[in-house]
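Spelled out, the chains give:
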Amino acid sequence: MAITTDAAALSADRELVITRIFDAPCRLVFKMWTEPEHLVRWWGPSGFTTISGRMDVRTGGVWSRSMRAPDGRVIRKHGVYREIVMPERLVFTYVTDDPVGNPGPETLVTVTFTDLGRKTRLTLHQGGFESVLAGEAHHAGWTSCLERLAEHLSANAA
Amino acid sequence: MLPDHLSTTYAALADPTRRAILARLAAGEATVSELAEPFAMSLPAVSKHLKVLERAGLIARRRKAQWRPCRIEARPLKDATQWLEHYRRFWDDSFDRLDGYLAELQSGEQKDGDNN
Numbered sequence: 001m002a003i004t005t006d007a008a009a010l011s012a013d014r015e016l017v018i019t020r021i022f023d024a025p026c027r028l029v030f031k032m033w034t035e036p037e038h039l040v041r042w043w044g045p046s047g048f049t050t051i052s053g054r055m056d057v058r059t060g061g062v063w064s065r066s067m068r069a070p071d072g073r074v075i076r077k078h079g080v081y082r083e084i085v086m087p088e089r090l091v092f093t094y095v096t097d098d099p100v101g102n103p104g105p106e107t108l109v110t111v112t113f114t115d116l117g118r119k120t121r122l123t124l125h126q127g128g129f130e131s132v133l134a135g136e137a138h139h140a141g142w143t144s145c146l147e148r149l150a151e152h153l154s155a156n157a158a
Numbered sequence: 001m002l003p004d005h006l007s008t009t010y011a012a013l014a015d016p017t018r019r020a021i022l023a024r025l026a027a028g029e030a031t032v033s034e035l036a037e038p039f040a041m042s043l044p045a046v047s048k049h050l051k052v053l054e055r056a057g058l059i060a061r062r063r064k065a066q067w068r069p070c071r072i073e074a075r076p077l078k079d080a081t082q083w084l085e086h087y088r089r090f091w092d093d094s095f096d097r098l099d100g101y102l103a104e105l106q107s108g109e110q111k112d113g114d115n116n
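Residue numbers (my numbering), protein chains in the order written: chain A, 1 to 158; chain B, 1 to 116.
These are computed hints drawn from the structure, not numbers from a lab.
On a predicted model such as this, the values are computed, not experimentally measured, just so you know.
Glycine included, C-beta positions come from ideal geometry on N, C-alpha and C.
Take the hints with a grain of salt, since some may be wrong.
To be verified - Partial chain A-side listing against chain B, Cβ under 8 angstroms, derived:
| # | residue |
| --- | --- |
| 1 | W43 |
| 2 | S46 |
| 3 | D71 |
| 4 | G72 |
| 5 | R76 |
Only chain A is shown next, with the shape it has when bound in the complex (with noise of 0.2 angstroms):
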């Protein structure tokens, strides 16, 4: 089968990790994500301006943000609010569109914010389509389907 080599790949990119500790209380960190004149600030590398957004911070919410990169390209992102736990949880659908506006790859967000006193712990894990499905098989109850593409991918990686 032509799966050999890629699935070894795709079970190593298959989630981004990062972890920072912010030197400020969990509350504070935590609005940063929450409240748009805060998040302006921070949100996109250097030389990014946001030129407009929405958020709507609720479970089901919409939110979407439209960028001027430094090279005048304009780039939109744009996702859904799964879960909002003050001040701990928060957890959202991310895709980014290509320049023309078609949409890039749905992938599920979730950050965790730990309380160390006067700093916080932050926990970002950023998964693929696959933790978007899983998310999803939760409720639709095929979730034994998707384990068991899964185990295929990575049996057939070995």
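We have chain A already, so just place chain B on it with the hints.
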């Protein structure tokens, strides 16, 4: 930026029936009628889904066999995960800025009192 074929992959994956078909094929090759069975769907309806999956390169069908069994292809799934690396840079840069912004905010708070 994302190559065009990724849009095709994601459009193909956007449908729950097609994802279930893919999950079924992970267990092994299957014919159109075997795939139709759990969905209470007509064969033409299933064939339509299979065409979308095939165009996206997510499945392949044996050309010569009479029943043309389908099998899963992993490459497009792998390509669909590589963009994650682009996001790593995005977050690292953003978090550097967040770090600076938080420092700025808190030094302001000390002067003005805590309004949060």
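Going down the list of hints, with the structure as the test:
With a cut of 8 angstroms, the hint placing A/W43 at the interface with chain B holds, because the nearest CB-to-CB distance is about 6 angstroms. Annotation: interface hint on A/S46 holds; nearest CB of chain B at approximately 6 angstroms, less than 8 angstroms. Nearest Cβ of chain B to the Cβ of A/D71: about 12 angstroms, over the 8 angstroms cut. The hint is violated. A cut of 8 angstroms between beta carbons decides the hint on A/G72: the least distance to chain B is about 14 angstroms, and the hint is violated.
Hint status for A/R76 relative to chain B: violated, with the closest Cβ pair at about 13 angstroms, above 8 angstroms.
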